[in-house]
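K.L.:
Chains as they are written, first to last, in this note's numbering: chain L, 1 to 461; chain S, 1 to 98.
It should be emphasised that the hints constitute simulated quantities derived from the structure, not laboratory data.
Check the hints yourself; a few may be wrong.
Below, a list of computed lysine-lysine pairs in the BS3-like style, where the Cα atoms sit at most 27 Å apart [stated by the list, open to error]: (1) L:Lys-385 - L:Lys-277; (2) L:Lys-40 - L:Lys-293; (3) L:Lys-20 - L:Lys-10; (4) L:Lys-366 - S:Lys-61; (5) S:Lys-16 - L:Lys-84; (6) L:Lys-331 - S:Lys-61; (7) L:Lys-238 - L:Lys-293; (8) L:Lys-6 - L:Lys-40; (9) L:Lys-84 - L:Lys-331; (10) S:Lys-23 - L:Lys-355; (11) L:Lys-36 - L:Lys-366; (12) S:Lys-44 - L:Lys-84; (13) L:Lys-259 - L:Lys-246; (14) L:Lys-84 - S:Lys-38; (15) L:Lys-259 - S:Lys-44; (16) S:Lys-98 - L:Lys-293; (17) S:Lys-23 - L:Lys-259; (18) L:Lys-331 - S:Lys-38.
A few chain S residues that don't get close to chain L, going by computed Cβ distances all over 12 Å [unchecked claim]: (19) Lys-23; (20) Lys-60; (21) Asp-87; (22) Ile-96.
Quick reminder that beta carbons are idealized off the backbone N, C-alpha and C, glycines included.
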Amino acid sequence: MSDLNKLTIKEARAGLLSKKFSPQELVADCLSQIKKLEPKLNAFVTVNEIKISEADLAKPLGGIPFAVKDNFLVEGIRTTASSKVLDNYIAQYSSTFTSRLEQAGAIIIGKTNMDAWAHGSSTETSDYGPTKNPWNLGHLPGGSSGGSAAAVIADECLAAVGSETAGSIRQPASWCGVVGFKPTYGRCSRYGVIAMKSSTDSPGPITKTIDDAALILSLVSGHDPLDATSIDEPSWVKPQPLSTLKGLKIGIPAAYFSKETQADVKNSVMSAVDTLKKLGAEIIELTDILDPKYSIAVYTILQRSEVSSNLARFDGIRYGHDRSFFGTEAKRRIMLGTYSLSAGYYDAYYLKAQKVRTLICQDFDKQFQKVDAIIGPVSPTTALKIGATEGQSMFGELQDILLEPSSIAGLPGISIPCGFDKIGLPVGLQIIAPQRREDLVYQIAKIFEDNTDYHTRRPKL
Amino acid sequence: MSSNVITDDQFQHIAKLSRLEIKPEESYIKDQLSEAAKYVDVLKELNTEDISPTFQVNHKKNVFRDDVITPSFTQSQALSQAAKTKDGYIVTSATIKK
Numbered sequence: 001m002s003d004l005n006k007l008t009i010k011e012a013r014a015g016l017l018s019k020k021f022s023p024q025e026l027v028a029d030c031l032s033q034i035k036k037l038e039p040k041l042n043a044f045v046t047v048n049e050i051k052i053s054e055a056d057l058a059k060p061l062g063g064i065p066f067a068v069k070d071n072f073l074v075e076g077i078r079t080t081a082s083s084k085v086l087d088n089y090i091a092q093y094s095s096t097f098t099s100r101l102e103q104a105g106a107i108i109i110g111k112t113n114m115d116a117w118a119h120g121s122s123t124e125t126s127d128y129g130p131t132k133n134p135w136n137l138g139h140l141p142g143g144s145s146g147g148s149a150a151a152v153i154a155d156e157c158l159a160a161v162g163s164e165t166a167g168s169i170r171q172p173a174s175w176c177g178v179v180g181f182k183p184t185y186g187r188c189s190r191y192g193v194i195a196m197k198s199s200t201d202s203p204g205p206i207t208k209t210i211d212d213a214a215l216i217l218s219l220v221s222g223h224d225p226l227d228a229t230s231i232d233e234p235s236w237v238k239p240q241p242l243s244t245l246k247g248l249k250i251g252i253p254a255a256y257f258s259k260e261t262q263a264d265v266k267n268s269v270m271s272a273v274d275t276l277k278k279l280g281a282e283i284i285e286l287t288d289i290l291d292p293k294y295s296i297a298v299y300t301i302l303q304r305s306e307v308s309s310n311l312a313r314f315d316g317i318r319y320g321h322d323r324s325f326f327g328t329e330a331k332r333r334i335m336l337g338t339y340s341l342s343a344g345y346y347d348a349y350y351l352k353a354q355k356v357r358t359l360i361c362q363d364f365d366k367q368f369q370k371v372d373a374i375i376g377p378v379s380p381t382t383a384l385k386i387g388a389t390e391g392q393s394m395f396g397e398l399q400d401i402l403l404e405p406s407s408i409a410g411l412p413g414i415s416i417p418c419g420f421d422k423i424g425l426p427v428g429l430q431i432i433a434p435q436r437r438e439d440l441v442y443q444i445a446k447i448f449e450d451n452t453d454y455h456t457r458r459p460k461l
Numbered sequence: 001m002s003s004n005v006i007t008d009d010q011f012q013h014i015a016k017l018s019r020l021e022i023k024p025e026e027s028y029i030k031d032q033l034s035e036a037a038k039y040v041d042v043l044k045e046l047n048t049e050d051i052s053p054t055f056q057v058n059h060k061k062n063v064f065r066d067d068v069i070t071p072s073f074t075q076s077q078a079l080s081q082a083a084k085t086k087d088g089y090i091v092t093s094a095t096i097k098k
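Isolated chain L (complex conformation) (with noise of 0.2 Å):
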């Protein structure tokens, strides 16, 4: 058999059970994707040119390459976060994340690029350059998990890690036609993934289908003491997939469409709001929702603030470069950080941002007293072109206007491929719920993709 690399983790463990082939061949089949179309992509940092001998095929992920993000830690493999600073770091442990899949079975291919410390929707501000769009090679990625999205598309592995701090997962997964699922904040442990805004970094998987996300959420979530904000509950078990969403009301916030929404975006969310319909869901237009504008800010000071203190820790004592070696994107949330938190401003500006994201949290559970989930377009537009973050300070802000409510309310959400504007560009749904209602975006999500086909597209590479 060939072109292994193309099928989804249930094809492939499907594949394995009944001895079609064996993990050697399905690992060797994603390596030569890699080699094939890193030239083009660059969606890896580090490529893991794993030999296995042998994968213990009774565990639920056993045999199945996965490609990691780069700034989750895999013991034993070189850790950058698409920084210079830690260009030469070989991680000296494991995240909570991966090192559940790979009790799981997984095996790690490599590691995929991403905004330098994840600072960024593009995948433009990484300092081992930017990972083009499998769609179009003119075009961004997404980001920060830009690197994972291209390279699940790009069939160079079977699924990926990503992490969302806000859009991370999802942004990305909507501009590369692929499911990203961002939990509920602490639904997946944070031990080992190198902190960005902490009180609100989610980690995820980024999938094929939303079965396969479905099933690493699964294997990976629950709790951990290793994560101080970890929620205690046991791991998520999928539920049961619905055959009608009688019953269930779906919201559609009026806000979430401005002057700057794409045209093509907006009809393929609308036309992805039919189908729900006719699936049996009662669409209800929220009009109060608050303005997703105030997010923009509250997400601008929290970052910047958290930002400045988790990166104070790169010394380039205990492991990593000095901070000369800092970007000038770094240099300059780090900056503002320190601003907003020093003498004299932590009232105006830190104090005042917690205050709101409480008003941001009444605010959905407001809206949810009226619907069960809310639904919207991902992001305005569909991929932008590679450059479209020069001299932009707030790209990675504007562009995730309609992700940050939901991050900083800590609620779980997903991207899920909803169709194609007309330079064949994907376009994302977003599916929101109430925290720790993943079950409900699943069931959505499924549904959703069992009635379309925009999934099972492919990029011609």
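Please build the complex by placing chain S on the supplied structure of chain L, with the hints as guidance.
P.N.:
Frame of chain L; chain S shown alone:
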């Protein structure tokens, strides 16, 4: 949030607090900081007088663990990534003048 313009002195002070060296060709960062400060000005529109802050969305506090020693790094693991080591210690630059 009265003034959004960051002065040269403030800029230098912030760089010092951040332990960052800003090269002359990066001085445009100063204007970008002012620009970002402008973006956050919209928060003034919202009344937060009786609102308490949300520092943490899953409302956990004081998470303790038992005071029990668990396996951790060996000395060689802990030192493996340090730029300079001597006699089992990490070498740093002097913090006290001789």
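K.L.:
Which numbered hints turn out to be false for this structure?
P.N.:
The structure conflicts with hints 1, 2, 6, 7, 10, 11, 12, 13, 14, 16, 17, 19, 20, although it agrees with all the remaining ones.
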